[in-house]
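Residue numbers (my numbering), protein chains in the order written: chain A, 3 to 154; chain B, 32 to 691.
By construction, these hints were calculated from the structure, which means they are not laboratory data.
Cross-link-like lysine-lysine pairs, in silico, DSBU-like; alpha carbons within 35 Å at most:
| id | chain 1 | residue 1 | chain 2 | residue 2 |
| --- | --- | --- | --- | --- |
| 1 | A | 35 | A | 97 |
| 2 | B | 413 | A | 35 |
| 3 | A | 97 | B | 413 |
| 4 | A | 97 | A | 29 |
| 5 | B | 368 | B | 445 |
| 6 | B | 413 | A | 63 |
| 7 | B | 516 | B | 298 |
| 8 | B | 445 | B | 516 |
| 9 | B | 445 | B | 298 |
Quantities reported herein were computed from a predicted structural model and do not represent experimental measurements.
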Amino acid sequence: MRFVLALMAALLFGGPVFAVQPDEVLKDPALEKRAREISAGLRCLVCQNQSIDDSDAQLAKDLRLLVRERLVAGDTNQQVEHFLVQRYGEFVLLKPTFGTHTLLLWLTPALVLILGGIGAYAAMRRRPRPAAALDAEEQRALEDLLKRDQGA
Amino acid sequence: MLVEAGHFALALALGLSLIQFVVPLWGARANDPVLMAVAPTSALAVLACIAFSFLALTFAYVNSDFSVLNVVQNSHSAKPLIYKISGVWGNHEGSMLLWVLILALFGGVVALARNSIPMRLQANTLAVQASITIAFLLFILTTSNPFTRVIPALPEGQDLNPLLQDPGLAIHPPLLYIGYVGFSISFAFACAALIDGRIDAVWARIVRPWTLGAWAFLTLGIAMGSYWAYYELGWGGWWFWDPVENASLMPWLAGTALMHSTVVMEKRDALKVWTILLAILTFSLSLLGTFLVRSGVLTSVHSFAVDPERGTFILGILILFIGGSLALFAWRAPMLKQGGLFAPVSREGALVLNNLFLATACATVFIGTLYPLALEVLTGEKISVGAPFFNFTFLPLIVPLLLLLPLGQTLAWKRGNFLGTAQRLYAVFGIALLATLAMLAFQHGGPVAAPLGIGLGIYLVLGSINEIVTRSWSRGAPLPVAWRKARGLPRSAWGTSIAHAGVGLTVIGIAATAWGVEAIGSLRPGERLGAGDYEVRLEQVTPRIEANYREDVAVLTVLGAGRELGTIETMKRLYVTRGMPTTEAGILTTGLGQVYASIGEVQADGSIGMRLYHKPLVLLIWIGSLVMAAGGTLSLTDRRLRIGAPARAKVAPPVAVPAE
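Between the sequences and the hints, there should be enough to build the whole structure, so can you do that?
Below, the structure is given as structure tokens:
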């Protein structure tokens, strides 16, 4: 039994850290809510595309504490994000900033929609009109045919 | 011995698929029926070989043959039988073998459907299909052989990744692959049509069931993966915009567009060139998905460079097939004749809009997934593109699409009347609006997103019901007549409405997550933690030992409105062989909502951390997906798809008209 308990303790303490711990939660619910919002937009740098809010990694925990520290110190959301970007680079933001290096990323949806829309509209307009008027020569040929028909 | 036979069968399949590639293509050019008839025969032979090979590997897994490297790396003798079997595709080599097995399976079905497909089309299609088989068999045989032996044999295996030891993830890959690979048939048909330079409504009718079937399976596969992530990863999220998820979402979006554009092509002989292009793009995205997941490029651009052999090979396959098919398209597509005129306001016009939005949504996911990789390769700059980006860009594309959906479904073909159509939906729109307003008033300043999204979902569900009702009932008609009429509607009409209602249900489920409540706390036995209207009481924490893992089980009693609703268990597991811990969530379903608890760590004071959620209506996310897939399947059984040649419908018995 003691063996099992020892194992259990090792298991519980040795495992990865759990995403947002009870002891991390701030007393002030409004501040905590902001902390969660900011955390959801920050990447856990050592994970694969996880936010620090979801991650079990130790680094994510450190960042979560850092975010809360800054908030308690009175930073605005932007200031906290700015602080982290200065420290870790833009890589830390899950929503990249708009700039020359992300121009294509941000504009692609709008471009595809607009160009696609124009293309679809143009393709619809470009279709041959089924009933174009006959030119003079065709008209004469038609009349000839009709006349011959009547003559028969 | 069986293992070597399996390896040999795979090599034999490669030789046979070379025959399946060359001979029918030549036969179709020379118009030689004997040569073209080689296609179905060789396709069935390839299927037999690959099936044998797959069974040989499965046999090695079931018998825990630890002289096979692949089995050693991914199995364990103490593992339950189901995970020994699912271990076959729970690794790189085996999953690629499953991929070609499904590819061959589809080829076999096309081969057997010889009565409903014109011979030339079948020969060309199976030849294109064979070229894909060849590429992937070469890939497996040269870089990812699952039959490699270890000498001497080892006494025990290293176990399967514990996250994969789960019923949901046991069947997730087969479902997903049937979806991915199913689109290869649409792709092969598209290339065959381009090679032959002929495409018409018959082509569309032949291709549509394949697209529908692949789409239904992909829908199930994605839903299953999402539900797995929800209960297994322990964060209670259901979609993370992870590149691996995006890899499956892209073919789904393109496939959804394809499914709709083939309808236009079949019914109205329009959008031909676009449909062909879409068929090519859909399968290209399936290949891209396979590449992204299998090459390791996602973890980091560098891990790709560390083991470049496989990555480069798949990249080669990717360039060959995408580039080749697009070149074929650029060469032959201008020769295809366009047909079927329609006014912008018409069912066709609505489906063009559907395609536009879906294609843009797909492009958005594409750029968001690949942009960071491209930027890092080109400039060395590292950025992240995650959930906030996708939520911001994806939703504005999907919401208008969903708003237009019931309208488009109601519009007439060829030339529709927008106002008349909108009139038929007044009631639907009114009820959805009232429901939204009621929810807004009732929730006392909760999140606005939930009522709006749920209103949208209600609008979609009612719009689908309305479509069936207005097609079978007119004011004053007795119900039995309406019922008979409704039953007489084509199954594809029912399928469409059901699938669209499924979309509505999923939207409701997603929107309701905004009402979810979360609580984080630490508990000692006897203490309680509350989230919204629900509470849990920690009863005890006990250790438990199973065959291949140990776990600590927290037993919780769920209380709602002072009553005990049941007990749930949430576990922290340690898989001994790999030394890898996992968290198992405890979930209690109440109606369509769930109470979700996830165990944390022991705190300094001896209590244990606990995360508790109440997620109202969350099950609708996946129920909606099941309904979507069911609608697709129902549509698949439509009379005109079951019967190869167009047949005149039986004359309906005269319906008694009541005296005025």
